[in-house]
Amino acid sequence: MSASAIFVLDLKGKVLICRNYKGDVDMAEIDHFMSLLMQHEEDGLICPVMSHGNVHFMWIKHSNLYLVATTNKNSNASLVYSFLYKLVEVFTEYFKELEEESIQDNFVVVYELLDELMDFGFPQTTDSKILQEYITQEGAKLEVAKSKVPTTVTNAVSWRSEGIKYKKNEVFIDVIESINVLVNANGSVMSSDIVGSIKLKTMLSGMPELRLGLNDRVLFALTGRDKGKTVVMEDVKFHQCVRLSRFESDRTISFIPPDGESELMSYRINTHVKPLIWIESVIEKFSHSRVEIMVKAKGQFKKQSVANNVEVRVPVPSDADSPKFKTSTGHAKYVPEKNLVVWTIKSFPGGKEFLMRAHFGLPSVENEELEGKPPITVKFEIPYFTVSGIQVRYMKIIEKSGYQALPWVRYITQSGDYQLRTNV
Amino acid sequence: MQEWANHLCENRQFGSKMTDSKYFTTTKKGEIFELKAELNSDKKEKKKEAVKKVIASMTVGKDVSALFPDVVNCMQTDNLELKKLVYLYLMNYAKSQPDMAIMAVNTFVKDCEDPNPLIRALAVRTMGCIRVDKITEYLCEPLRKCLKDEDPYVRKTAAVCVAKLHDINAQLVEDQGFLDTLKDLISDSNPMVVANAVAALSEIAESHPNSNLMDLNPQTINKLLTALNECTEWGQIFILDCLANYTPRDDRESQSICERVTPRLSHANSAVVLSAVKVLMKFMEMLPKDLDYYGTLLKKLAPPLVTLLSAEPELQYVALRNINLIVQRRPEILKHEMKVFFVKYNDPIYVKLEKLDIMIRLASQANIAQVLAELKEYATEVDVDFVRKAVRAIGRCAIKVEQSAERCVSTLLDLIQTKVNYVVQEAIVVIKDIFRKYPNKYESVIATLCENLDSLDEPEARAAMIWIVGEYAERIDNADELLESFLEGFHDESTQVQLQLLTAIVKLFLKKPTETQELVQQVLSLATQDSDNPDLRDRGYIYWRLLSTDPVAAKEVVLAEKPLISEETDLIEPTLLEELICHIGTLASVYHKPPSAFVEGSRGVQHKRLPGSAGSGESESPDAGSAGGVSEAPPAVIPSQGDLLGDLLNLDLTPPTATGPPPPSSGMQMGAMDLLGGGLDSLMGDESEPPHIPPRTHTPQSPQLPHQSPSPPDYSPTELGGDLGGSPAMGSGFGGPPAAMPASFSAPVSGGLDDLFDLGGGVGMPMGAYSPPKTIWLPAMKAKGLEILGTFARRAGVIQMEMTLTNKAMSVMSDFAIQFNRNSFGLAPAGPLQVLTPLSPNQSIEVALPLNTVGPIMKMEPLNNLQVAVKNNIDVFYFSCQYPISMLFVEDGTMDRQVFLATWKDIPNDNEAQFQIKDCHLNSDAASNKLQGSNIFTIAKRTVEGQDMLYQSIKLTNGIWVLAELKVQAGNPNFMVSLKCRAPEVSQCVFQSYEAVLKN
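Chain order of the listed sequences is A and B. 1 is the number of the first residue of the first sequence in our numbering; add one for each residue after it. 1 is the number of the first residue of the second sequence in our numbering; add one for each residue after it.
None of these hints come from the bench; they were simulated from the model. Keep in mind that a hint or two might mislead.
[As the list claims (entries may be wrong)] Heads up, simulated DSS-like pairs for lysine-lysine below, C-alpha to C-alpha not over 25 Å straight-line: (1) K285/A <-> K376/B; (2) K110/B <-> K62/B; (3) K95/B <-> K14/A; (4) K784/B <-> K774/B; (5) K871/B <-> K808/B; (6) K373/A <-> K344/B; (7) K376/B <-> K373/A; (8) K808/B <-> K379/A.
[Stated by the list, open to error] If you want the footprint, here are the derived chain A segments under chain B, 3+ residues with CB under 8 Å: (9) 176-190; (10) 281-290.
[To be verified] In silico negatives: residues of chain B with every beta carbon more than 10 Å from chain A: (11) A37; (12) V109; (13) A199; (14) V306; (15) E381; (16) D383; (17) D385; (18) Q403; (19) P439; (20) G826; (21) R982.
Positions of the beta carbon are idealized from the N, C-alpha and C atoms, including for glycine.
Isolated chain B (complex conformation) (with noise of 0.2 Å):
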């Protein structure tokens, strides 16, 4: 920085030029001191032209606070640019110097009631820009006055002001009610003053989403659309993000909204057409279908789309991503689109990835010829991750295109023959998918593709040649050699490849028995005895029972016909997209995450979807509790989520290729490791112990998990013989969204994923909330005779406080009443206490008093006391109980998995405790269910080495959330749990209730 200004200093000092950059030439020593007598000068023109300097030295990074009073005296002047630049300085120091920003308070103020409408504005912009405690108090009175200012010019920046006051202090600004004249401006004259209004209320409501204030309505909504059409490009940018958060009544309603939000699609401004096409992409969804306007809606979204991509390439980047949306969503909007999608020379090659991306969404039958040649001429460009993507693409085109796919064949056999070795490993990769999605047509290529054996330095190229030897063993002459020489370097292969060689040597011994027992024994005992890989020890001792024992089922599940891989392979899942649709020219749409995945502090947010459609039959999917108590259905395709939830759970055990896609399979090993580990966890837990199958200490009290049965041949056979088969990251682009898998791979495996995902649906639980056994609470002998023993129970949803009072006196007890002191989670009787009988002496009387959370509120100490006042006809006796939380743990307290994940990292570590709960004889899954019983719910599971992790989340009464990591290791009566809560002081407790509730 210095040398910069130094630089500068040297270059110009003989300069004649008057240019700003004279004022950097002072950063010699003692320049502070210097600087302080010419702000101080009497001089007006020499306080400028120090300020000016002082301002210099501010950007170039050096430290100026010092003269932050003589700066200060400097702002009362009528030189609006010197009042300009000592508001910069403030709002650069104000925050390090906050007893010093107060000196400038009274300029402040007094500056809001300016004559001049700029000085009030800049006044209160500043003002509000400045986050020091003390000077926002003095913002109202002038924020108040300024919201009503005659000039809209102050009106509007003071509508954002409110925003920012919010920003630091949101509960003075809902004391103040600037909350409602902020909702007042939305019906202001001035358009610019709507569109600010709007903006700000936007930006609250989003930091907020409980504040309900966008209470959007017909009459609003009617006032924004007239401000649309003559505010500015950004107020209407504003307005439609704001409109796009509204759901109309009914289709006629979508349809007039949508009606007058068309003409913003000739916009110039690319950013006011997305928005744009946000709105209209969420209200169409309301009109049905077979209306006129839904038709030539669809066609007016063409064009403006097709447009974008002459814009500057960032804004192309943005809408590129966007589009790969809507023609998922509705792909005919864009079907005769395909040529604009072409690569030009010189597009950024985030363009070229992106356009590359859709044109294979866009391929059909009709232009495949066209996209093939396209797709030749990529693939002999020169930038390696087009050229690989490029390759890929026409492996899809291949896939989804039937007609197409022996070109496909042979084009990608024509690019083998380039010899270029990257093209030919990714060649190989979607060769092995055409193989298995047109089984018997193509194979005869296979010599071809042996011949580049040697070539293949990639895992996953090495795992799909060797994928295909094993299924194509008896068409491969040497097939046994081929194998045999990737076993020499065994070790040093990646499990990919190791795990894919391992099923392929067992494939050929299947199939050519007598040639290859050595070598089948030889990669067995490799995979057991030298692997420190559990998946891969897990796998052969898999195949080396089932070998040994009965050899016509090991050909039943190894060879077993694998299911046909589809070719929308890179869908993004269907809820997700929706939400995406909703966020269409936000970063979300551009990451293709929601933004709960990436935006801290928005956990809890509704997810936004589109709404149902008006009368045309399709219904939302339905909610988790609905009717039945079933729980929420498990998607078809494993959403993406679950990839998120992966990483969290750092669940992908395959090194990731340094270029190449996500590894192929993370949601097939997720099941496929679990399906092992469910079975075989415990019984290889003992290395000394060749393969037997013991007995499994399974808990047989988990209905819900019918796919984790403890033998092996129950498994799904194609999950054995499958394995890397189905390559659900074919088409899922380079660093491009997390491929989900193809939905008719998901079926097979969705044993092992219900078990993975849905151990949350509590369907039918056998147990209820745990409720500890009743206590003494109230000794006879402290309240003259009156006995109370009492628990407390959450009881379908309801708190119960249960008791027995017992009278112990000679005299009969009547008039009972009861009172709770003030608590921490509100606790309070929702009624009477119902002791409608007298007492008679030595008679006892249950009583069950129904409780709410709405009560007053006090920190206790330990949290869960609870200070009770009972009443009755002789005295008032007061005793003091604990509570075991877990009777507030409500039932809606399954965390979606993502917001778990995004939770999980925003949590300071800080805040995580983690306890000890020994002696605990459960298995993980009746652990679960136990927990369950006590809505304690377990929302992801998986087993390493041994030891399953559950993830679990707890809800309170109050919304406070808990995320549990349990782990239990089989055969280890001690488990750990990992609390992370915001507000930590709850975890004690919470783990009180864990250990309860598994030890009864």
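So that you can see chain A by itself, here it is in the shape it has in the complex (with noise of 0.2 Å):
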């Protein structure tokens, strides 16, 4: 159904530990695996599944670290790599970083995790926070308390263990939309989207029941309302806790929620928005002398509002020297490793504009390899506000003992993939 045997190699492609946990692929195939992944990349076609035989390879890189998946049956590849990313993600909340020495150094609880995040090839209980109720890092031992499955395991509710307690109940909300924008060389937006995520710190006593209302257009259609502005959402997708026949049937947003950070859900939305930060750019390129590249970025919201930690990355050739430059504010960085400027603004308040010039040398001779056309890109947050105007209307937290508890709301949009194409 989908992996034979997992495999943690490190960047030369050494076992750093392994699980075999079907017995039906040679545990010695790995061997072929750099070699493979060699291969391709002289190819030039790198991919994420690759075969030997009979025996496919599913991997993924994470630091220093090849995690890789065996298997030589029609497996569920989005399962296996889904899977593969909840490793890493199990591993870090572990080790908090998770590279070739945290392996090392934890093996004895590495094994215990494979042991127990999956059986035969079939994932089981995958919930970190779960997980570290009976695999503990300190070795345990076997203690009373432990020598209960926690009942969260196979719970249907099995991201909260029960008994949690907290003096002072809260919950912090924290909306963040990402800007993703594509733009043209000749400055025609090419797409754009809205991910918007949902996070919550929860600090609730008990098993609370939350619903979340949000001004969804839909919801209001639903019940008839339509005061004020609502959104649509193109794709919503939601934490496992959420009640998706729930939401699929009346829109409601019901959840237990699991104890601590937890993404709630993501969205999308589709809406044309206006770039909030829009770049133009002007670079020549005088061959075997000079660079010359003139940035005017200008702050497309509202006055009120200030973009923070602006970063304005504008790429050069990787033959440029000398670098010379002139800002109108903030101040200008030549990264060579990277073959950018970073232009770095730390308050851009809404509706101005500045501007950035930077020259650069050109070696005589020239480089001969050809060189790609990496995009402007630019990082930018701004607190207080969301693009989409999404608002968290309510949260409603109900728990049997009846307690009050208090939800903070946090609105923030930042910058996604926010590419601009230039023409040279």
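Join the two chains into one complex using the hints; note that each chain is given alone, in its own frame.
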């Protein structure tokens, strides 16, 4: 169904740790992985699935590790990749950083986790908060408390344990919207969308029932209200805890939240958004002598708002030298290892316009290697504001003990994949 | 490995950090001895530390199996962590130390009854992972208890354990009734248990396709749908994947399942979403298209598919490969979503290439301007593969959207001006196709193309350019010079270019005969005399012959109008597409290959099909053997199976270009080769005789091969002139799915292809199964005057024992009865022996006794030996006879070509048996016909250097498949037959049948 075995390899392809789940693929097959990968790289055709004979390798890379699943069946590939990423998530929550060293330092726990996360190729419990209740890092002793499986493992509510207690019951809601924009060299917006995410930090006792109300147009249409601004969400994805069939039938977002931090939902909005920071650039390349760059950045959002930590990254040829900059605000820096000029503006009020000029020398002997045309990218954050206008209208919290709990909401808009192609 | 441990040792011996890596430090000599002592220490802590060191050594690949007894001694502990480590050790080494592993059994069994459910589950989980027969026997009782455990954690673990055990010993699992228990768990109150039970059952069902385990009915479906809402994300995937195997009874049920599955599209886990998409795509087939719900469902599918593109790159890749399928099956779903497939600078190359492919599929008049602008942008990138594909994509747009053709051509010309070598070459290849699609429209650009002649170094581009020059020779003043320049290095060119050059020069000659006589003679002699490539020689001879005998006919043939090429050049063949839709999310959908093509042991597994739609009047394509005895209709396009088969047969004679797509016309060449081969192989066999057409030694017994007529003029004329012009590979991706032929192109080719692929269609076979003449089985002197002559025959699918009973005694015989001893194939009389009237002295009677194959089985020596007892009023007589195994060959023994390929590869070479059949004066077609009469089915044929290779399949009554390769060389009476079978014992008998059938 999915994986026959899971391997964690270092960058040279050496097996750091592995677990054979099904025994139908020779564990020595992994020796072919690295040479296959190199072969693919040489051909310029890297692919997340590779095969050697009748063995298929599905792999991902994380920091200095390869996580590889092998199979000789028609496995569910999407399940395998989801699982590999889940593995990264669980290991990261256990060891802070997932890298070669943390695997070596914690091999006993890694083995225990591998045993618990998957059985005979079927992913099992992968919620790290729950796992941490019975697979602990201190190499736990068998105490009375641990002699029971946390009921959560097999409960319908598999993401929250019973008996959680807080003195003060609060829930923090972050609504974060990322703007993805692709602008053509001639300045027309090729595609743009908003990917929103609602994150929770739940500090609530017991088993609370939560209900989140948004200004969702479909919901408003269903209930016949149409007061105020509403938002059309193109696609919504929910955390395991949300009752999907309930949402499907009456658009109610109801759930028992996981304890602590979690991403409750994400959504995508397809509306054509005006790029919040607009960039105009003129890049002139005089072969064998110099490159002249002029970049104009304009804040296309409300005057009351301020974009923080704005970074405009402008590509320059790899053989450029002797940079000179002039900026109307902020400061520019040449990052030669990335072939970029990074122009940083700490605080960028809406409606304002700033300018940056850069001058680079070019060697008289031209670099023969063809270079791609990397786009200009922009990073920013605008607090207290969502482009889509989405709003949390209420968060109802009901727990049988009847405590009062406070929800706190924060909004932020930031850049996502924000690319502007250039002419050069 | 050692290095790593030592390295750690250096780094950490002074370190105070308390991490596990300290356990790697004791890797000195004598360590095993030290560890042994520590493992046997009285102190618990020390023991545990020692076990950790052992596991550390195991992890770095050191052999610590010598410590087996000492480690197992640590198993009895109340420390869970220590226990887990010991278990881990056991899983690793039990197989190499099976005898010692038994030592652990008691503890396992005890642990399965531990009050702590964690330990019970751990024990049952680990035991299932120890693949040692002796241990599995002891597993049964604990497993039975654990399956009924009060704790769901234990039950869910036990459910998976059933699948493990089944993998080791399927019979045991069945005998113990675990399968039923597992089925019961589908009704368990706990969703995790249900999910794991479903997963385990699916796994078992997958490896035993005929077990009928997943007997899905509306009740179980309802249970699954209920559990779907409550189980973990992984459990949801198991359940959805299982649901996808169900076929609803009607559109109402289909809709109600869809309604309950759609909420899953909002799950954050991409794998859940894809599995839900699979169920919906499949069940949607059953919904009437005019149903409102159908439209709603279509609308619901687009957003989640688009959102998948925000996932991690590997998941995006899987999603894109699947979207590629979905777009082909239901283009309406994503037709407005072009923009999301625009390539981003930082996308990994595999994502870029897939997006590009989908962009082309979605290109339409409405969005073509945008698409072209994007493609032009991509074509100036630096990644060679990506740029090439972008250029090709522009060509595909031109062909797909007529209104855009002009803009595409001008874009391509712009790109040619960049003089970037590979861009120019790709552009020329696609422009050739544009010429073919829109004749007499864009030829004005030929001059520009000709300027770039010298820079072309890739065979495909050279061939394309040569085609253009030949095709438009009358418009190119110096066409002869241009072609002549290629001729200088003729022998260094690839076959593709040589063939093209030959054709182009012949075209040129026909158009401008006066100036080019010398040139054409030169190329003909190069092709026929100096080349050892049979294709080239054959084609050269055909032209030569044509030109010398009938120039008018030559013109008709060579300059015939070419069929237009169609835009959908790379669509996946419909039945394969249907199958792949049923496998959404899996490796098959990523490879765009059916599972049987890459999974061992999946032969004979039924290919998944989409359910038929309700009320929409769509009918499934007819199955083989449907009414009228007409065989499976040849597919309209060459299925990619053809290419697969081509792989197997090494049919692809063109050397593949390094980075290019698969050679442009492997399908074409198959067609062409057969075409040429059929007629000319035999005559070209004799090198010393220049062209003449001898009467072909072709037995006229092949009514199903109308296209294989013996003289060249009868060939579909486009074959010879059109050759490389159609470019089926044009749309095929780099390393992407094998290109299917353009539909329009297949028409003229189909003659040749039918020959290749549909020999198996046994329409009105003139001959029946071979039956040997009767021989004396029981001489009269041994049977008190009863003489039995007999033989076996298969008539209309029924095996018969045909006997002549003669009474050579003085008295009347009566009360005949017959019985068989147990035999290899379970042959048994299907009824009593019908001798109704007593047999008078000197009287003979003919009896036909129908047989079945459901009798008791015992392997006989020889395999086809049958021991028979015949009783009459006088006595019981025994004799033994041998039946030709061919009467056990069943009528549905035509193996799917693809399955054939997989099976042939899969059966180890040791199982291959080779035999020679001497003195058989048949040609391959006649042989094939003859064999087919005895249910030996030819499923593919190819011709290499005058040698016909027939690929044949046979299925025995007991389901054993025999695969055969029969080599027939014209003029050589000795045939070679190679047999491959999973049960190699039958090979000898099968060979005997071959010989018998062919020689009679």
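Legend entry - Violating hint indices (sorted, rising): 2, 8, 10, 13, 14, 15, 16, 17
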